[in-house]
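Based on the provided sequences and hints, a complete structural model is requested.
Sequence lines, in order, name chains Z and G.
First residue of the first sequence: 1, per the working numbering; consecutive thereafter.
First residue of the second sequence: 1, per the working numbering; consecutive thereafter.
You may find that some hints are simply not true.
Lysine-lysine pairs mimicking DSSO-like chemistry, simulated, CA-CA at most 30 Å apart [as the list claims (entries may be wrong)]:
| no. | chain 1 | residue 1 | chain 2 | residue 2 |
| --- | --- | --- | --- | --- |
| 1 | G | 239 | G | 76 |
| 2 | G | 76 | Z | 25 |
| 3 | Z | 128 | Z | 25 |
| 4 | Z | 128 | G | 76 |
| 5 | Z | 180 | Z | 196 |
| 6 | G | 239 | Z | 182 |
| 7 | Z | 182 | Z | 25 |
None of these hints come from the bench; they were simulated from the model.
Everything numeric in this text was worked out from a predicted model, so none of it was measured.
Below are the chains, spelled out letter by letter.
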Amino acid sequence: MIEVENLTKRFGSTVAVDAVSFAVKPGEVVGFLGPNGAGKTTTMRIITGLIYPQSGTARVNGRDIWDEPVEVRRLLGYLPEATPLYDEMSVTDFLRFVATVRGIPSRDIPARVDKMIDVCSLQTMAFKDISELSRGFRQRVGLAQALIHDPPALVLDELTSGLDPSQILEIRRLVRELGKEKAILFSTHILDEANKTCDRILIIDDGRLVGEGSPHDLAAMASGEAVYSLEFKGDAELFTEKLPNHFKVVHSRPGAEGYTGMELTCSDSVDHSEDLFDLTVAVGGKLRQLSRKEATLEDVFLELTKGGEA
Amino acid sequence: MRQVLAIYRKELRLYFDSPIAYIFIIVFLAITSWLFFRTFFLIRVSSMRSFFTIIPWLCMFFIPAVSMRLWAEERKTGSNELLMSLPLQEWEVVLGKYLAALTVYVVAIILTTPLAIVVGALGSPEWGVIVGSYLGCIFLGAAILAIGTFISSLTSNQIVAFIVSVIIVAGLTIVGQPLVTMFLQGPLIVLVPYAEWLGLANHFSSISRGVIDSRDIIYYILLTTLPLYLTVKSIQASKVG
Ligand SMILES: Nc1ncnc2c1ncn2[C@@H]1O[C@H](COP(=O)(O)OP(=O)(O)O)[C@@H](O)[C@H]1O
Ligand SMILES: [Mg+2]
Chain Z
1 MIEVENLTKR
11 FGSTVAVDAV
21 SFAVKPGEVV
31 GFLGPNGAGK
41 TTTMRIITGL
51 IYPQSGTARV
61 NGRDIWDEPV
71 EVRRLLGYLP
81 EATPLYDEMS
91 VTDFLRFVAT
101 VRGIPSRDIP
111 ARVDKMIDVC
121 SLQTMAFKDI
131 SELSRGFRQR
141 VGLAQALIHD
151 PPALVLDELT
161 SGLDPSQILE
171 IRRLVRELGK
181 EKAILFSTHI
191 LDEANKTCDR
201 ILIIDDGRLV
211 GEGSPHDLAA
221 MASGEAVYSL
231 EFKGDAELFT
241 EKLPNHFKVV
251 HSRPGAEGYT
261 GMELTCSDSV
271 DHSEDLFDLT
281 VAVGGKLRQL
291 SRKEATLEDV
301 FLELTKGGEA
Chain G
1 MRQVLAIYRK
11 ELRLYFDSPI
21 AYIFIIVFLA
31 ITSWLFFRTF
41 FLIRVSSMRS
51 FFTIIPWLCM
61 FFIPAVSMRL
71 WAEERKTGSN
81 ELLMSLPLQE
91 WEVVLGKYLA
101 ALTVYVVAII
111 LTTPLAIVVG
121 ALGSPEWGVI
131 VGSYLGCIFL
141 GAAILAIGTF
151 ISSLTSNQIV
161 AFIVSVIIVA
171 GLTIVGQPLV
181 TMFLQGPLIV
191 LVPYAEWLGL
201 ANHFSSISRG
211 VIDSRDIIYY
221 ILLTTLPLYL
231 TVKSIQASKV
241 G
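Printed below as a string of structure tokens:
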């Protein structure tokens, strides 16, 4: 569990991170999406205790960066942006070094290193110097060192940048697999990347969190759609049947007190909330909640995708 | 302690996997041997005195060349991002790195001991003086190395780290020399003992005489621990900035 609370970090007059709060739960891959210079790396460096914020705090499994920085680092696996490694070392020696510093007992280290070499498909590179590795293999070594102590939380800064599509696919699969039990914060400036890898996306721009949602919500917004969520009581089947064509049901689950929670997308950017009220009345149902996600997020989103292509 | 040892081993292998340590040791040995044999054949005296008098001036250049990369290099390549994300206290990293650099220097010093054997074989030197001088070399080097480590932690440019370290060490050496103290005239004369106390080489020469004075030892311990403490502080401060 990674928690970030009201984090603010200034460098001189630049506000790199501005009152940012969020949490990443175990079993969740959260994408941290924003253009270059948005404040992703700064936030991640604060979580790792590499730098301290002017105000606010971060916690990993309840351990605070101010009170127990070493303990926080023990619980984290961190992949720094641009994957700086010790180029003069061989992959195996480097992983042994990290394992030793991470406090893995000496007798377990060879097995642990072998396991990481396996998990990250580094078999052919195990005894090569890191300086000889391609970008893709460097990233895997970076991931291997972040995973070597089997941490409950991972902070991965631009893990897939500079990789070719097939490598991205492979890494994405690995992250999704790891995300089944770990809390993963995964930064990227590429929308598509966040979309395909993450359960939830945080959008950061100019140091501020400007949006949050599942990839589906966000994808809907990006394509000019709006998302309606509502709680409906009555004949839900009839309701969905009678919905106008520009609505699509994303999901519909029975909830508490006989209400059905529904999420609808609408391909039309006009506000159709009133139509949904009318329809509810027409089918003799009740509505106790109705919200429409505003297109402001979409604007941000489009701006972000521009940043991603640049 | 296991952490310190891991950092120590990593740094040591970075020194010995690259040419730096070898170049350092070979050049150091070449210069000291040359100076030694020159006086040895010239004045035909079986003594190591001239060898030891030159040591503070050699260390002034050689040791900053060893310490300059300790922090500056990692800053530049960005690998300190990775290093500092490991569960380490700042002092553990500082100590591990420092001890590795000290080892490089101590190896170079130990490799000069055949000169002492030559002296011993050809005459009957005062062994107390030679042992004391070697001890002095270690103390002196440890202090200069600590200063160099601190300077290296302030920059990401190795060359800057080297130059600034040499200047500071040169200043600390020269301040205690007659060259400077003789200018302290009139009311300034009260400063002479302080300038002499501050002088890096003065304590070395008194240890070299074979007299182990606790004041000299305290001086070197202070001059080693203070810069290392400041290194820890500068690394902590850089996280807040
Ligand atoms: N060490 C630093 N010193 C000064 N400014 C910095 C530093 N690190 C980051 N910044 C500034 O903070 C802002 C956010 O940067 P960063 O967190 O690296 O963004 P991102 O990772 O989203 O691209 C940028 O304007 C950047 O120039
Ligand atoms: Mg970044």
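Going down the list of hints, with the structure as the test:
Between residue 239 of chain G and residue 76 of chain G, the direct Cα distance comes to roughly 16 Å. Compliance with the 30 Å bound is thereby established for this hinted pair. Of the supplied pair hints, the one linking residue 76 of chain G and residue 25 of chain Z is violated, its CA atoms being roughly 35 Å apart against a limit of 30 Å. Between residue 128 of chain Z and residue 25 of chain Z the CA atoms are separated by roughly 37 Å; this puts the pair beyond 30 Å, and the hint is violated. A threshold of 30 Å between alpha carbons decides the hint, and for residue 128 of chain Z with residue 76 of chain G the separation of about 23 Å falls inside it, so the pair holds.
A threshold of 30 Å between alpha carbons decides the hint, and for residue 180 of chain Z with residue 196 of chain Z the separation of about 15 Å falls inside it, so the pair holds. For the hint pairing residue 239 of chain G with residue 182 of chain Z, the CA-to-CA distance comes to about 27 Å; that is within 30 Å, so the pair holds. Taking the CA atoms of residue 182 of chain Z and residue 25 of chain Z, the gap is near 8 Å; set against the 30 Å cutoff, the hint holds.
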